[in-house]
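Enquirer: One letter stands for each residue in the lines below.
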Amino acid sequence: MKPIVNALPTSQTLDAQAFGHVYDLYYSKIFGYAFRRVGDYDIARDVAAETFLKAFLNLKKYRFEGHAISAWLYKIATNEINLFFRNQKYRPDLFGQLSEDMLSERELLTVFEREKNETEHQMANFEAFVEVQRQLKTLDIKYQEVIALKYFEEKSIAEISHILDKPEGTIKSLLSRGLDYLRQKCN
Amino acid sequence: MDEFEKKLQNLKKPHVMTEHQDYLKLPLLNTRKSAALGWWLVALPCFLLACVLMQLVSQGSIRVLDMLFNTLEAFDRTHGGWFSPLVFVLFPLVAAGMNLLSLLNVLYNAERRELTITLKVRFWNLFLILLGFAAAFLIGFHALLIRFH
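Protein sequence lines correspond, in order, to chains A and B.
For the first sequence, position 21 (counting from the first letter as 1) is numbered 20 according to numbering that gives the first Met the number 0, and the numbering increases by one without interruption.
For the second sequence, position 73 (counting from the first letter as 1) is numbered 72 according to numbering that gives the first Met the number 0, and the numbering increases by one without interruption.
Rather than coming from a laboratory, the hints here were simulated on the basis of the structure.
Computed from a predicted structure; not experimentally measured.
Treat the hints with caution; some may be incorrect.
Heads up, incomplete: computed chain B residues facing chain A, CB under 7 angstroms, no partners named [stated by the list, open to error]:
id	residue
1	L7
2	N9
3	K12
4	T17
No more than 20 angstroms apart at the CA atoms, straight line, and that leaves these computed lysine to aspartate or glutamate pairs for DMTMM-like [what the hints assert, rightly or not]:
id	chain 1	residue 1	chain 2	residue 2
5	B	K12	A	E117
6	B	K6	A	D179
7	B	K12	A	E152
C-beta atoms are modelled at their ideal positions from N, C-alpha and C, and glycine is treated no differently.
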């Protein structure tokens, strides 16, 4: 995280150019996080695009306060994923604001289709993960997010605390209870 | 740490490589500019339209508005008279057109010789389209009435 943090302006709002670098550095990570949480290529793509659109449109609100910018992006993505889990008809509005011409380009649709097929094919090699993910999705969202951030994204308690904006003690307790529930489900 | 936690920690996780982000980057970085431009194109003529209405209601007793319209009139006289039609009619029309294009999707199926036109229902875009056309129509109509009166 350090080199990325150092590359960004401190104590200032990010400008569009700096945001372009952030996008390049973090898009795959955020997409991966969304995919490991929801297990669906299309939804993960919507969540990632929506996360970066919301971040970009709210750049002025972002103040660099010593936390990694990744925490801010993970926080937006987590909220988007929670919206999806609370409402299965999740339809991100900002994603629709992207040019219709651009989205209907045959080349891009081919890329989407290819990536989706590759992803689904790849998941056959992760049976154990898919099973844990399936059971995790049956838990309350507050447990899902801490477990996913800790074990899927390998974040520390302090990082999860920044992302979810909750004290470290609360995170530890949610993690402990969530693991108990998940253990019961998996057994 | 028990066996279950160890299992979770050593879980083999999928890492998906994607390319689609390269296609989304530019439109994403232009979203804010387009949205801001769309608002300004409608906001400016609407503000001036509100000024016209206020002046009519107050029967010309608001000095600031008098000064504003005198300045606009003087600017138009010295610059060939293009400024007011541009701001009052063309800007709202462009704004309405831009918003309309963002909602329209036209698909032509050559095999079946079918043209499918779909219009997305998005409140703010539809509001701006109506506002843009209404502002251009009302101001244009008002200007024509004055000219031929």
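Enquirer: Any hints this thing doesn't respect? Which numbers, in order?
Expert: Checked against the structure, the only hint that fails is number 2, while the rest are satisfied.
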